[in-house]
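Asker: Each chain, letter by letter, is given below.
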Amino acid sequence: EAGVTQFPSHSVIEKGQTVTLRCDPISGHDNLYWYRRVMGKEIKFLLHFVKESKQDESGMPNNRFLAERTGGTYSTLKVQPAELEDSGVYFCASSQGGRVGGANVLTFGAGSRLTVL
Amino acid sequence: AQSVAQPEDQVNVAEGNPLTVKCTYSVSGNPYLFWYVQYPNRGLQFLLKYITGDNLVKGSYGFEAEFNKSQTSFHLKKPSALVSDSALYFCAVRDMNNNAGNMLTFGGGTRLMVKP
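Quick mapping for you: the protein sequence lines, in order, are chains A and B. Read in order, the letters of the first sequence are residues 1 to 117 in the numbering used here. Read in order, the letters of the second sequence are residues 1 to 116 in the numbering used here.
Among these hints, one or two may not hold up.
[To be verified] Under the rule of at most 20 Å between Cα atoms (straight-line distance), these lysine to aspartate or glutamate pairs were calculated in the EDC-like manner: (1) A:Lys51 to A:Asp24; (2) A:Lys44 to B:Asp95; (3) B:Lys77 to B:Glu15; (4) A:Lys44 to B:Asp9; (5) A:Lys41 to B:Asp9.
For the record, the hints were derived by calculation from the structure and aren't laboratory data.
Same shape as in the complex, but just chain A:
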């Protein structure tokens, strides 16, 4: 079984530019999550998709961040325009369908490291 794939593994951009991160979850996983780790701190929740619908986007920091999951398969996270504080590692994770609040284990990708200069 292929794991969660993220692309690019590392992106270096200048402040004000746009970056799009992509996540391919495990096939058949309805739940897809985005998290990020900034400055070596906690891994923080950004948002949660169930299939193509946004279940919870309470962690999105501001409207410069846009996540999509068209067709309920892969997802993209766009940052436009990027700011210095957006630098960090963005993780994607997926899990099988289950009741809300369930004990499903999340499978994480290797992360996309974003550096904004």
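Given chain A, work out where chain B should sit, using these hints.
Answerer: Structure of chain B alone, referenced to chain A:
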């Protein structure tokens, strides 16, 4: 709100010695608790979880964790450390009764260094 604290940024242990990585949590309801490990240039890998039942949970690579409800702790342990256990360890919690979704809340991570 749910939260996790990992009080140690780094834990150093000699190979062959027992190791403990500490984690305390806070949730309004009952917790689901998880440990993940991150090796360099790799994603977070699941180690073990506590859902219900026995307080001592056994996981991958010889790791175990003990759920202590009174102390709201879920410390990760291993009887005999290996150099290959050196990595970044994250504790995470999800409120079993959280109707807002499946959001996991992570601690800040603890770097484990096992020296030969």
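Asker: With the threshold set at 20 Å, check whether the alpha-carbon distance from lysine 77 (chain B) to glutamate 15 (chain B) stays at or below it.
Answerer: holds (14 Å)
Asker: Is it true that the CA of lysine 44 (chain A) sits at most 20 Å from the CA of aspartate 95 (chain B)?
Answerer: Distance of about 16 Å is within 20 Å: holds.
Asker: Would the hint linking lysine 41 (chain A) and aspartate 9 (chain B) be met if the CA-CA limit is 20 Å?
Answerer: holds (10 Å)
Asker: Hint check: lysine 51 (chain A) vs aspartate 24 (chain A), CA-CA at most 20 Å. Holds or violated?
Answerer: At roughly 13 Å apart (the allowed maximum being 20 Å), aspartate 24 (chain A) and lysine 51 (chain A) satisfy the hint.
Asker: When you check the alpha-carbon spacing of lysine 44 (chain A) and aspartate 9 (chain B), does it fall within 20 Å?
Answerer: holds (17 Å)
Checked against the numbered hints above, the structure violates none of them.
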